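Listed in order, the protein sequences are those of chains H and F.
For the first sequence, the working numbering gives the first residue as 22, with consecutive numbering after it.
For the second sequence, the working numbering gives the first residue as 44, with consecutive numbering after it.
Honestly, the hints are just simulated from the structure, not real lab data.
Every value quoted in this text rests on a predicted model; they were computed, and no experiment measured them.
Yeah, the Cβ is synthetic: ideal placement off N, Cα and C, and Gly gets one too.
Careful: at least some of the hints might be erroneous.
Claimed, not checked - With the C-beta cut set under 10 Å, the calculated list includes, among others, these residues of chain H facing chain F:
(1) Asp65
(2) Ala740
(3) Gly742
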Amino acid sequence: MHFFWQDLRYGVRLLGKAPVFTTVAVLTLALGMGAATAIFSVVDTVLLKPLPFRDAERLLVIWEKNPAQNRYRMFVAPANFLAWQKQGRAVEQMAAVQDVRVSLTGGPNGHITPEELKGERVSASLFPLLGVEPKVGRTFRPEEDQPGSANFVLLSHSLWQRRFAGDPGIAGKTIRLRDQPYTVLGVLPPAFAVMEAGVDVFIPLGLNPSDTRTANGRYLMVIARRRGSLDQVRAELDSVGAQMEQALPALDKGWRPSIFVLGDELVGGVRQALWVLMAAVGCLLLMACVNVANLLLARGANRGKEIALRAALGAGRGRIVTQLLTESVLLALGGGGLGLFLSAGAIYVLAHAGPASVPRLAQASLDLRLFGFALVVSLVTGIVFGLAPAMQGSGTSLSATLNEGGRGGTAGGAGRRLRNTLVITELALAMVVLIGAGLLMRGFIRLRSVDPGFQPARVLTIRVPLAGGRNAAPDRRIAFFRQVADRIATLPGVRAVGAVNALPLTGLGVGSNFAVEGRPAPGAGQRPLALLRSVSPAYFGAMGIPLVAGRALADSDTAQAAAVIVVNQTLARRFWPGGSAIGGRVAIDQNVGRVAEVVGVVGDVKPEGMDGEDWPIIYNPYAQVPLQAMTLTVRTTALPLALASAVTREVHQLDPNQPVADVRTMEEVVNLAVAGARFNTVLLGSFAGVAFLLAAVGIYGVISYDVSQRTNEIGIRMALGAQPADVRRLILGQGARLAVYGIVAGLLGAGVLTRWMGTMLFGINPTDGWTFTAISILLAVVALGASFVPSRRAMALDPVIALRHE
Amino acid sequence: MIKLRNLEKFYEGGYGRSYVLRRVNVEIKEGEFVTIMGPSGAGKSTLLSILGMLDSAWTGEFEFLGHMVHRMKPKERAELNKKYTGFVFQSYHLIDNLTVYENLDIPLSYRNVKSSERASMVCDTLDRFHIVGKRDLYPSQLSGGQQQLVAVARAVIAHPQLILADEPTGNLHSSQGKEIMELFKKLNGEGTTIVQVTHSVDNATYGNRVIQLADGWVVSGGSETSKSAQV
Ligand SMILES: Nc1ncnc2c1ncn2[C@@H]1O[C@H](COP(=O)(O)OP(=O)(O)OP(=O)(O)O)[C@@H](O)[C@H]1O
Ligand SMILES: [Mg+2]
Chain H
22 MHFFWQDLRY GVRLLGKAPV FTTVAVLTLA LGMGAATAIF SVVDTVLLKP LPFRDAERLL
82 VIWEKNPAQN RYRMFVAPAN FLAWQKQGRA VEQMAAVQDV RVSLTGGPNG HITPEELKGE
142 RVSASLFPLL GVEPKVGRTF RPEEDQPGSA NFVLLSHSLW QRRFAGDPGI AGKTIRLRDQ
202 PYTVLGVLPP AFAVMEAGVD VFIPLGLNPS DTRTANGRYL MVIARRRGSL DQVRAELDSV
262 GAQMEQALPA LDKGWRPSIF VLGDELVGGV RQALWVLMAA VGCLLLMACV NVANLLLARG
322 ANRGKEIALR AALGAGRGRI VTQLLTESVL LALGGGGLGL FLSAGAIYVL AHAGPASVPR
382 LAQASLDLRL FGFALVVSLV TGIVFGLAPA MQGSGTSLSA TLNEGGRGGT AGGAGRRLRN
442 TLVITELALA MVVLIGAGLL MRGFIRLRSV DPGFQPARVL TIRVPLAGGR NAAPDRRIAF
502 FRQVADRIAT LPGVRAVGAV NALPLTGLGV GSNFAVEGRP APGAGQRPLA LLRSVSPAYF
562 GAMGIPLVAG RALADSDTAQ AAAVIVVNQT LARRFWPGGS AIGGRVAIDQ NVGRVAEVVG
622 VVGDVKPEGM DGEDWPIIYN PYAQVPLQAM TLTVRTTALP LALASAVTRE VHQLDPNQPV
682 ADVRTMEEVV NLAVAGARFN TVLLGSFAGV AFLLAAVGIY GVISYDVSQR TNEIGIRMAL
742 GAQPADVRRL ILGQGARLAV YGIVAGLLGA GVLTRWMGTM LFGINPTDGW TFTAISILLA
802 VVALGASFVP SRRAMALDPV IALRHE
Chain F
44 MIKLRNLEKF YEGGYGRSYV LRRVNVEIKE GEFVTIMGPS GAGKSTLLSI LGMLDSAWTG
104 EFEFLGHMVH RMKPKERAEL NKKYTGFVFQ SYHLIDNLTV YENLDIPLSY RNVKSSERAS
164 MVCDTLDRFH IVGKRDLYPS QLSGGQQQLV AVARAVIAHP QLILADEPTG NLHSSQGKEI
224 MELFKKLNGE GTTIVQVTHS VDNATYGNRV IQLADGWVVS GGSETSKSAQ V
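Pulled out of the complex, with its shape left as it was, chain F reads as follows (with noise of 0.2 Å):
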């Protein structure tokens, strides 16, 4: 599903180039459950933003689904990020003034999705996640916890073939965590390609590989055979 090759990523600083990524060569398959670990300032949220198309600044090759993602202009990988995937981010992100049940309505408005069954996939979801509650609150109004939940829902809502989940479980309690880890099993055990990032050896157990980044660097876990990503 997924082919980086040398894919770099640098910001210009005042000392010249600092690399965030450096020739970063992964392989992602169909149906795998991929985890992402490595210190703080690795690279990990870079990285998973690439794999959303929701950062282009970067050099070497990507391969979506047979696209070439690096050929392709910012309007067509947007269309791709909204066709296949989902996101749940570091910090939920959750639209304040919006409430719970618009908050899981915004990626089905993005989509061609029938209004009618718009409503009845928010409110399946709703149940699924057991905050039918809380639909019509505001994020300010749920707690911490709460709030992940939800934007684990919206990640998951239109049905995306890939999940990308940053530290999904940063701030739950570690049985709703457990039972978020549970859901995206099962999800994958559905089909979703899922890459989660963590920090958690637990929520690592889930997956079926590691891929361990350190200064930009893939250490180790870079493809499903080969243990050493070091070419």
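Chain H extracted, bound-state conformation (with noise of 0.2 Å):
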């Protein structure tokens, strides 16, 4: 014990007495533990953590796959959900889930500041199916989920605690849902969520298996506990899907279900970025480990002969191993605690700032056995290359140590070649993970430079859901739409108001089935698809879509008057090729058999995603189609966000119970839409710089170890006749030896690991040459710009000094 403190005392003070050393190795494998720790925990909850339902393994979602049409992820028909249900056995239970947007008109004492709130409408069954209990109340009925039944809500645990004071009573009292009572049956646990986060409210599916109305649409995503295996369902829904083919071909022709595991399912867009990232961090944690082992090696190479010395002086190994013990174990915890505070940090932002397309991310939180694992690894890299001095003065190599170098000699080879090996070892490291990241950031900026069809510059953009307010009804609808956008156009500042149902890049949205009058009908299954949006006249000038034929729809466009259409591009040259498309008439299912003029044609705008396919579609004039929630879009002259205020002001002096939603500019929209992406840059870009900066300092403190060792030969060689630029040439050849053999072999290693980022990329080729060459060059340059340092301390050795240097 006596020792113990002792060692402890001196140990401290030795790190204190060499602060640039330990402050590398502190921060270092703070950095390391840190960013490796971090992503651990994320990696783990969001991809390896189970799913928080019952036998997880067990659950399904299911889609509908068209393969001839390249679709296998489409919602599913209402028909198809009940027969599944019914004739599937190897299925135990089956649940359909609609998305919804839902106004919350009404607290339980009356009247509450409207808000228009995620919703899912779910069969009764999903919550047993899931295995989900209620943190309040209870769940509903199967009874309660019929048509025509009274209506009932289950609220998140997010939402009771937001709008309702985390009542405890709530169960029981009736809140207005789209101005509709809705009885509250209980509350759901926290952070619940099935196919989507952030959903606040969930509401009886009540599907009504004669409703031919809803009958022939796709909008329902279906979860399913299955019984049999995998394979078991997949054979029986087939067979099930092939019998609903024959039997409504008009809906399923061409049509099969489409089984994916629900674990997968959710986390299928983000698992290889996630690997991806593991990969990188993994790297800087192998970094920092190689950078600590060089430093303590440099620093036992230094002390070798102290401790050989000692030895033969008579101290006992058993010391010296404790002595060099203790200051490897104090380095990885010092650099373990300042880790720790970083990997906190890290998840923080995180959970808090990552795109909402990571399921679970705002869950994650530091996992200390993460931890522990990467302080173990620093552990053992400390105990390891620590104690490789008292290995170096131990026994037999005693004579040589005290030999070595003891007659004006230089570095010993033995540990210069290991060093070496880990120097290059992490520039091959360094070079992967940048190159990950050079890629994606080519890939990003490629992506940022795709044209989205629109101009994205200063438009505002507000959500206003007329749904349960008392301007809902449909003659009520266009008034209101044309009178808030007079209002809002009068503002100073704003240059034009367009209103449109579904924005670009959210989504795919409403779409239909449609023909073209005079063309002979294709055969069922082969209908053309087109998206369908409802705009005011003036939304293509607002958003800046441009016109490319005929007119654009104006003010005369009115439900009197005959009715017309604009369409997209992609639609034009798809249905009329090498013609026009003016003139062209189009029945589009959905409008129930109204047969509409084509009298303009617009540029394509992205609906999904700025790597998505350009859709057709059909704008359809607000006063022909006029829909019930509709996004106004508002044309600015200076910062839209600046206009927030006075333009929900507006739509409130109309109505002050009308609730708004989604204000944001349309900046934010093309920002989100390639969060992901940014996510991914900018996480790799930054552990990109983190392992540019070990690499750096690796190979700084190799060569300038280097040429302390060396310098009693670079006296020699000066006396020799080297010239300084011999010696600068000594110097910077090492370190572009070392650098050239880390380039090729981190070339090497990319060019495979790269491999597993196809998918993340966006009009980049894995192996992009213009990458790998950039990078190389970038590394080769930091390698030789560290050498360069030591190599001007070497050039202005005084060969007399150096001669006497040992």
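Mind docking these for me? Both chains are given alone in their own frames, and the hints should help you get the complex.
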């Protein structure tokens, strides 16, 4: 015990005496461990922890697929859901979910500030299927999930807290949604989510099998719990699908169920990104360890002789080992302590600022087991390499140690080779991380430079859902939006005000089959599909969507006037190849037989994502197809957000109880559309920054240690006629040699590893030559730069002093 | 060949300047074989490294083959050294991670010698010093005497006009020491100027003149004619 304290004090003193060594070692370890723990924890939460449902591995998601149209994840038609549910034997339970938006218009005590909520209409069987118990009250009974039954609602935990102050007696009270009374049955557990996060209210789906209006659409997501094996489920539902194709060819020709495991489906899009990030932080942790190993080796080599001498003078091997161990452990613990802070901070930032597309990211928290793993890795590194001088100074090699460098000698060969190997490894790892980041960055730049088809700068958007409000009636909607638009247009700084039911880049939204008049009817299952938008005449101007042919929509296109539409270029090109779409007549299923004339063609906009495909889009004039929820698009002369409150005020002037939602700029919408790619790029980019630093520190450390070890040799060379330039060449050559080996190894490694990044890269080949070359040059420059400082020192050596140096 | 006038060297210490060389006036003609002697710490090695242009922190005048060294930039001095001098160090100073062959090659690598010629020069030298069998060994695999031999070989390999040797026989067997001295004698006979530092009176007899140093002063032998250097 006495020795322990003595060693500890001595260790602290020695580390304090070498502040640069200590700082670099501790920071290096902290960065490596911090980054690794943070990402490991995120990966663990998002990918590895089981979903919070009973037997989660048996849960499935079922979509519909149409291989002929190359679509594999389409919503499900209610008729098909009901057929699967009825005939599926290998499936224990099945539930359907539909995304909806509902306005909260009244609280248990009457008036409440209205708000549009994210909701899901769900089958009553969903909660027993998942094995989820409510926190308060109860879930739906089967009879409450019938068409025409009374209105019931379940609240999310966060809505309950936020809007109802966590009222424990909420169950049984009545709130108003869409201006209808709904009885609150209960509150779900915190963070409960099935398909999408952030859903506030759940209401029964109340599917009506005989309702022909809804039977033809595809709008359900289906969750199932399997009883048999996945293959059994697939085979069985496929045969049900084949029957449905016969029974309902108009709906189902070419369509089949498409089955996935729920866990895979939820993380599908981010799994690869997370593994890549994990590999990157693994590299960082390794690099940090390599760096520290190198620092310790260099230090150990300096002390090798001291220790050999001590041993020769009779110091017990055990004492020497304990002393060295104490130092290594102190370093690892210091780095670990700082790393713990770093990772806690990083996880906080990730959980709060990460994209919504990463499921359960918000629940990520520091996992002490994973931190323990990183700490053990660095402790082992510290112990193994910290003990090197003791190994060197032991037994048989004692005289060799004393001899080596004993006669005006130069550095020991074995240690130098090990240090060089380590630094080459480090450079190779840095190459891999830097190339990965470089690829992502290039892909991201490509992605950002995609023309979305509109001009996002200086456009404010605001969603105005009329449902349940006093302007919801079809005859009032048109007048309401016209009035709102007129009022906003008079605000200073507003140039144009448009309205659309679904903004670009926010999803496919409503779609419908259609037919071009005068063309032979295609077979069932081959009827073309277009996205449907309702827009005000000013929409194209406000968004900066160019008119390509014909005319835009006009105020004169009223409900009483002839039915007209504007189509996008993709639709025009596909259905009037080589000719003009203007004057063509189109029958749109959704508009129930209404045949409209094409009066104009506008440019394409990306409906779903910057990297998504162009869809055929049909624009209806709002006055002819008035929907309940519209998003106003306000083009401004200055900062759009500065007008947000003025615009909201104008809406509330017309109806103080009208909720508004999603007040944001079009640039935010674009940013959101690339949030996933940005997240990956920023994260991997910052890891690359760390890797870059570690590599620079690593090579600097090794070269400058080399210079100090070769002082004597440099003196000799100078005495034998070496010019300063020769000395510089000697040192830089050393750095260059390490760099070349490291870069070549890194190129090979990256060539293999970046293949895994395929789908994360937009428009960039995983073996993009430009990136590989640029990163090689970058790292070569770093290596030379890091060797340059020590080479200056070597050049400035006084040969007389250098010759005396031992 | 060499003229030193009032050359002085000092270190700034805690108690002011401590002089290592004082008002040194030395003249060495081409073809001479000069021995520098004196007690330990007298400044012999210091003087030798000044002659070899390794040390440039001194005052006074130093003329070398007509070049005014005291007016030259460090780079030019290094050029002079490279062109004319070969150096044998007091503690051999071989480079540990290079083989004997590679050690011998260093001086040639810094002079514009064609690589084909370099190989044959190294082989000749190995031959001349009877160390052909050691060519691929590392210095740590040689005895002290053998290392000394390699150090001498390395100093003469580039055919310098001036050889500066600091205790070249310090660790050698007396017979080996004699061999080195005979070699110097032979080189001297062929026209090479030699300046050696030694404690051995035997070795001194190979030279034509002894410069006595004590406490940084030249006590005697500063030039061929005057027997006393004191002015
Ligand atoms: N960096 C230095 N700072 C102060 N004094 C120094 C320094 N280097 C050498 N000296 C002093 O210069 C003096 C001359 O040293 P030098 O090596 O020339 O002696 P020497 O005559 O070669 O002795 P030896 O026979 O032991 O080799 C010594 O007294 C030494 O202490
Ligand atoms: Mg000496």
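Now the hints, each set against the structure:
1. At its closest, the beta carbon of aspartate 65 (chain H) sits 47 Å from a beta carbon of chain F; the interface hint therefore is violated under the 10 Å criterion.
2. For alanine 740 (chain H), the suggested interface contact is upheld, since its CB lies about 5 Å from the closest CB of chain F, less than 10 Å.
3. Restraint check, glycine 742 (chain H) versus chain F: the minimum CB separation of about 4 Å is within 10 Å; hint holds.
Checked against the numbered hints above, the structure breaks only hint 1 and satisfies the rest.
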